[in-house]
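Protein chains in written order, with the numbering used here: chain Y, 181 to 824; chain W, 23 to 176.
None of these hints come from the bench; they were simulated from the model. The beta carbon of each residue, even a glycine, is placed where N, CA and C say it ideally should be. Be aware that one or more of the hints could be misleading.
[To be verified] Below 16 Å or equal to it, Euclidean Cα-Cα: the simulated EDC-like pairs (lysine to aspartate or glutamate) are: (1) Y:Lys602 to W:Glu129; (2) Y:Lys472 to Y:Glu638; (3) Y:Lys632 to Y:Glu591; (4) Y:Lys602 to W:Asp127; (5) Y:Lys602 to W:Glu123; (6) Y:Lys622 to Y:Glu581.
[Stated by the list, open to error] Simulated restraints, written as ranges between beta carbons of each label pair: (7) Y:Asp641 to W:Asp135: 42 to 48 Å; (8) Y:Ile589 to W:Lys130: 32 to 38 Å; (9) W:Arg107 to Y:Val367: 39 to 45 Å; (10) W:Pro128 to Y:Thr554: 44 to 50 Å.
[Stated by the list, open to error] Stretches of chain W that chain Y covers, calculated by requiring three or more beta carbons in the stretch to come under 8 Å of a beta carbon on chain Y: (11) 92 to 98; (12) 107 to 115.
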Amino acid sequence: MPLWVPVRSQVAPAACLSPSPEAPRALSLFSSSSVFPLPNSQCLVWRTDLLVISSFRMAEQPYMVASDSETTGDDKSQSAFHDLAIGIEVGTSKCSIAVWNGAQVELLRNTRKQKAMRSYVMFKDDTSTGEVPSGGASNKTAYEEKEILSGSAIFNMKRLIGRADTDPIVHASKNLPFVVQTLDIGVKPFIAALVNNVWRSTTPEEVLAIFLVELKTMAEVQLKRPIRNVVLTIPVSFNRFQQIRVERACTMAGLHVLRLMPEPTAVALLYAQQQQQQQQSLHGSMGSGCEKVALIFNMGAGYCDVATTATAGGVSQIKAMQGCTLGGEDILKNVLYHLLPNFDSLYSNRDMNKIRSMGLLRIAAQDAIHRLSTQSSVQINVDLGDGTKMQRVLHQSEFEEVNRNVFEICEKLIKLCLADSKLAAEDINDVILVGGCSRIPKIRSLVLGLCKKEKEYEGMDALEAAVTGAALEGAVASGITDPSGSLDMLTIQATPLSLGIRVHGGGFVPIIQRNTAIPARKSMIFTTTQDGQTEALIVVYEGEGKMVEENHLMGYFKVTAIPLAPKGTAEISVCMDIDAANTLRVFAGAMMLGTDRANSPFFEVRMPTLDDAHGWCAQALVKTHGSALDLTTIPKELQPQKVQ
Amino acid sequence: MWFPVPNSESISSMISSLCLASPKSFFRPPRCVAASAAAAPPAVCSSVTLYDVLGIAAGASGREIKAAYRRLALECHPDVAAVERRGASAVEFMRVHAAYETLSDPEKRADYDRSVVTAVDAGRRWAPFRSQWTSSYSSGLRRRPRTWETDQCW
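Isolated chain W (complex conformation):
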């Protein structure tokens, strides 16, 4: 699982609607391995989880995960999205699909759940940073709610 580390670089790339023509959007995010998770402020990890992407509770059943994925696919897959937003919908669909791919596989989901817990623990230590980053990040998110990166694809 890859989480964006909230520095100005990754936030601006999230906000810049991820047009592939701009090289920025396909840069891999700064490297972060599980072991070094504590070293990076994991604020975003705890603010937008894969469960949030699918709009489900963290304890959702396999069936709920699938249902949510299908419902979102029918909204955002480029085949069915309105013509004028097909470009953005591809990015959106890939994000939804990536979340689904992790959560629908029990093993990957367990790994993910563990990493989120680790991140939350670490987040406590990074509390001052977190409040700072979440505020700027979430305001960006509100303006362009569905255009940030499918980090898993990278």
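Chain Y with its partners taken away, still in its complex shape:
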């Protein structure tokens, strides 16, 4: 899908999608509103009271059409300071934004002096300008949680983005105040917000884009320069579809994603900087110092990540990562169902009163969970409005019991991560706990217990570590240097999920294994399954399942011009390449028999090629082509990279 992107970075906020050069000028006429064209051709006018547009140059910009799959060029990361990338963490519940100010990382505050801003977009009807959605970042009138839960606001975008309507997480989101509809056919779910008693449709990307526009404007006003490049943190478990959706939302908001950084790796970068500074002050010189191994546990409202990192001399190397969709939302849901076992049947019809009382219950449960971090029991008193009152005491032991499954999954993730990184608890020097849920006593004791530590690493703010790391990465990747050496550092990323192709029989053969250092390039030789087979399908998947159905389909293409030969003799080379910006390219082609030369030009395909997680594309391929175009592996000892 081609998108309009500006060639230069000097662009007015929110005008980047506009195909017409008139848009920036129109913008300068109405300094308090900006045009925000959305992909489904409805044009939103979005307004904020603190936008100061006159400080930007409004010269007409040259526009060109660029494929949205070509947004990683290095030409955009010129090392001038005005192009310095900012760090953004869009959390399921809260978001924050940080920037390298020349000496250190600084978190920006909104007009209400908040560093952590609630992530939501409110859809309200405004008779004068039409639709005015506004996010939680910079709006002057702070919406109360009660209003956010009234059905008019969309939140939890991070849990919904890039997921199909068959996804259990999407199904679990149906108990939110806004509408999440699923038809269970593997396409984008339908979401809608209540505007004037009508459910108005939108998409998670659109909501995220509106929110990002607001963040961008807020940063531009405060930093007095246009913002284009960003480093965004994402959960470890985000697959490439989810990543592409996030990137697309950024493009819609006029932002160029320099890096999508898994949250624990951003924390690892901050840890590397702190270790470096500590050693410099101890030894007075750069020295490589001794290596420190840290386990990073990050659990927010939507996702849980675990990573291990080995750090010395400012270089943090990610040894292994594990992540899953598990967070405060799940804990909240468990508590809600515990307090009100017939929650689903009570709220199946969405009239205004039900939505309101559901919102009140959510607020009360959330508050109780927060208080249980410091108290052993809490009193819940909530008037649900429709004559029913809830009055009860919730004990910590009860809370821990209803969330046992959550803690078990956390434990499993940590064990898997340690095993993947070939580390024992004794090898770990520091345990870093970040994210809102890391404040839950049971989770702290669980992580520390598994790592056999008395106490956690100090010196990191649990809610600010990831965004600070993202801002550091933004400075490093923008080519900024610091005379004091505090930017001489690096996180060597790893792939959180394996990448490979389908072979005959539906098996998944990984070519790049998970936890491979990035950039990476690996290749394997495959062979034909039919006599005289001249074409083969390369079907690319991402995941850890042994069979392709358990993994995510990324895309497919056909290799042609395979020389005529009996089955099992022709050689097809498949090479996967992940660059430093985490872009995946697949190269494939047939070899001339018995040689190492290409039989005809190879194919180079950037993945994913699919626009949606259409699992049924794979079924359609099998239905149409059967196994006629299948490939299979060749013995390990004949694979070039296995040769010792």
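With chain Y's structure known, arrange chain W on it following the hints.
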């Protein structure tokens, strides 16, 4: 471990800066299994070792290996390399990382050390070939010092 066999094909691909757009660069090198090492002139094996890649002595300690890897990563990782040479730096980083991956794992390192010894022994038998190949290879290497293949990645 994979070693390039110095024929004209692999040398030209080493020199042609390994742009991935050219299919040449992702061809696997000619096949060579440990058992057949003696059959192929292993000149390059003995001229550029993984220790050379990391710029350390063959007897380096685990700590030295890690320190060298980190120092080189801070120079050649695409995140920190100068903007104009980020493409080449990815290849360079992968080469450094591959060397580190083998040498930092005691088992893999032992295997590698053994294969190098075998190669050196075999190299004696191939001495006439070796001198011929090393000269052309190393002159190529001097012109483009850091752009040849990360053979381990293949």
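Hints versus structure:
no.: 1; hint: Y:Lys602 to W:Glu129; result: 14 Å, holds
no.: 2; hint: Y:Lys472 to Y:Glu638; result: 15 Å, holds
no.: 3; hint: Y:Lys632 to Y:Glu591; result: 13 Å, holds
no.: 4; hint: Y:Lys602 to W:Asp127; result: 11 Å, holds
no.: 5; hint: Y:Lys602 to W:Glu123; result: 14 Å, holds
no.: 6; hint: Y:Lys622 to Y:Glu581; result: 11 Å, holds
no.: 7; hint: Y:Asp641 to W:Asp135: 42 to 48 Å; result: 46 Å, holds
no.: 8; hint: Y:Ile589 to W:Lys130: 32 to 38 Å; result: 34 Å, holds
no.: 9; hint: W:Arg107 to Y:Val367: 39 to 45 Å; result: 43 Å, holds
no.: 10; hint: W:Pro128 to Y:Thr554: 44 to 50 Å; result: 47 Å, holds
no.: 11; hint: 92 to 98; result: holds (count 4)
no.: 12; hint: 107 to 115; result: holds (count 4)
The structure is consistent with each of the numbered hints, conforming to all of them.
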